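Engineer: One letter stands for each residue in the lines below.
Number of protein chains: 2
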Amino acid sequence: MSARIVIDAMGGDNSPSAEVGGALRAAREIGVSVLLAGDERIIRNEIDRRGRAPAGVEIIPADGAIGMKDPPSAILKEKSGCSMAVAADAVRDGYADALVSAGNTGALFTVASLKVRRLPGIRRAALGAIVPLENPVLIVDSGANTDATPELLQLFAYMGSLYCSLVMGVEKPRVALINNGAESTKGTPLYSAAHSLLAADGRINFIGNAEGRDVPSGFCDVVVCDGFTGNILLKTIEGMGLFMNRSLKNIFHANALTLFAGLLTRSKTNALKKQVDHREHGGAPFLGLAKPVVKAHGSSDEKSIFTAIRQAKTFHESGLISKLGEEFTD
Amino acid sequence: MSARIVIDAMGGDNSPSAEVGGALRAAREIGVSVLLAGDERIIRNEIDRRGRAPAGVEIIPADGAIGMKDPPSAILKEKSGCSMAVAADAVRDGYADALVSAGNTGALFTVASLKVRRLPGIRRAALGAIVPLENPVLIVDSGANTDATPELLQLFAYMGSLYCSLVMGVEKPRVALINNGAESTKGTPLYSAAHSLLAADGRINFIGNAEGRDVPSGFCDVVVCDGFTGNILLKTIEGMGLFMNRSLKNIFHANALTLFAGLLTRSKTNALKKQVDHREHGGAPFLGLAKPVVKAHGSSDEKSIFTAIRQAKTFHESGLISKLGEEFTD
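Chains as they are written, first to last, in our numbering: chain A, 6 to 335; chain B, 6 to 335.
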């Protein structure tokens, strides 16, 4: 049976057009059933104006959407009937296999933890983020847990390593611990203790500490952080990508000759611009939940939503969750 | 009387050639006296092979150098007579006004804290780092204190703000606190408590939290961090700069047409390459010590050493240390 992916159709900056477009493409091209949670009339119009819909497209009616600036807890109160909440209900009730949303990250973490729920024995879910620099690097945790313990960092390392191998297809992923130096004793007490745990963990291919400079250089496939540090790492990479794209534009827009130079290098500079554009960076997977939940970027377009749905499908079919479920018990 | 700057002539990757060249240029162009600490014969040869030395150049003999991989504590034991230690002695003894070194950062922090000493009432010295992106941003602390308290972050903010205005010449510097979100309650308990202290501190122009993405965007002039987070922020910016320079090279070296495009944009791309090249980023000032100590990058060339000496001179003449000394007492 084909995977059934529920999409929060109202949560992103380009909702519901991006969600509907991406979902229809996924139904057509990768054989998934897509359930679009949101305002029935608006979604129906979006589907209709695209011509004949493929098979395997459903609408799950919902009431409104949670905003990017709403407090995450609103999803449990005044926004408990919104598209994101209803999408989470569909996963909780077994009606969908996986959830994709471009909405409020904190609200998604809250509602997914409560409704999709963590696997038994997993104490915290983590948010992974993938940055495609010299190689794709999975940052885990990238922002869900600002308080961490050495044992949680070890859990994040193991879940991240499994995701990297089973979903991203990297053989024997190189797992590193973010730190302020290469030596094993470096960092805060949290990080030096985590280093010892990771070094002793035979399930992962731990290659030691990664300094900030190593992350964009192809040094590792997974970088393990507490959510505070991971968020700053991720956002700094994004900010430098924006800086780089502004700088490239300034170089080529200086005069007629540089515009001509821009034409000569266009395909390569466009590829680079995409590589460092966080809006192109695929979805961020939640790790440790009982079903796949993928956070697409808030500014996702149709293509990003399609990519996130494809990622949720791969995640669902990867066997990662059943493997985690076998290893952890209450 | 002209400022007397002592230079650890043996500690960097390009020692002593870079140090001697940079020091001679400083003596010639900006009217400082330079004291070169290191192996007398080698330094003398370096001076002689550059022709007639300007006035105001002295050698302070020292025995060996501390290596980049030596533990910082070696500076107090088997390396206690090395060029960096002897340079710190010269400042301690009042023979020099300021110290510049391209050597081992941890050893410099250790020896400067013990010999140059902190100002009375200042509980910790911090290491500032300047990254010239959309605007020059001072990151403080960039690595000296991995353990911090809200009060220390407040101290770093105040010292950083003073440095930015008095040495970097920025009027009313915009001071931000690194964090994982814009809201005042964001972050770890350390950061939410620091936010309250900074918001209530009338001595600084606190503009709120900076996310990683804001740092390269011109959002602030000073960004306040604990040393662990600041090191990761700084190194990630450096690593993205290296990534960017590799990417630019790949774009222009693809074929004859792109090489031609490279010629057309050469001056602008070279300027950008320098902007993101951490080796070009001037020296990192220690803040809170009784005399200026500036850490030049390990891979400093002659020009970087000259720049760091000029920075130490400006720091010395800025009145920053006497102002701090008046405000803090034991």
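There's no promise every hint is true.
One copy or two, either will do: identical chains are not told apart, so a pair holds if it fits within one copy or between any two.
[To be verified] Result set (DSBU-like, lysine-lysine): computed pairs, CA atoms no more than 35 angstroms apart in a straight line:
1. 278 / 82
2. 279 / 82
3. 74 / 254
4. 82 / 273
5. 328 / 308
6. 74 / 278
7. 82 / 254
8. 254 / 328
9. 273 / 328
10. 191 / 273
11. 82 / 177
12. 177 / 328
13. 279 / 74
14. 308 / 278
15. 191 / 82
16. 74 / 308
17. 191 / 254
18. 191 / 74
What the hints contain is simulated information worked out from the structure, not anything from laboratory work. No experiment lies behind these values; they were computed from the predicted model shown.
Engineer: All hints, please: hold or fail.
Structural biologist: Evaluation of the provided hints:
1. 278 / 82: Classified as neither; 41 angstroms inside a copy, 51 angstroms across copies.
2. 279 / 82: Cα proximity of residue 279 and residue 82: none, with 38 angstroms in one copy and 52 angstroms across.
3. 74 / 254: Result: close within a single copy only, 31 angstroms intra versus 40 angstroms inter.
4. 82 / 273: Close neither inside one copy (48 angstroms) nor across copies (54 angstroms); limit 35 angstroms.
5. 328 / 308: within (30 angstroms within a copy, 57 angstroms between copies)
6. 74 / 278: within (28 angstroms within a copy, 37 angstroms between copies)
7. 82 / 254: Cα proximity of residue 82 and residue 254: none, with 45 angstroms in one copy and 53 angstroms across.
8. 254 / 328: neither (46 angstroms within a copy, 43 angstroms between copies)
9. 273 / 328: Result: close neither inside a copy nor across copies, 40 angstroms intra and 52 angstroms inter.
10. 191 / 273: Intra 39 angstroms, inter 39 angstroms, cutoff 35 angstroms: neither.
11. 82 / 177: neither (43 angstroms within a copy, 43 angstroms between copies)
12. 177 / 328: within (16 angstroms within a copy, 56 angstroms between copies)
13. 279 / 74: Classified as within: same-chain Cα gap 27 angstroms, cross-chain 38 angstroms, threshold 35 angstroms.
14. 308 / 278: both (16 angstroms within a copy, 32 angstroms between copies)
15. 191 / 82: between (44 angstroms within a copy, 21 angstroms between copies)
16. 74 / 308: Close inside one copy (24 angstroms), not across copies (48 angstroms); limit 35 angstroms.
17. 191 / 254: Cα proximity of residue 191 and residue 254: across copies only (34 angstroms, versus 39 angstroms in one copy).
18. 191 / 74: between (37 angstroms within a copy, 14 angstroms between copies)
The structure fails to meet hints 1, 2, 4, 7, 8, 9, 10 and 11 from the earlier list, while all remaining hints are met.
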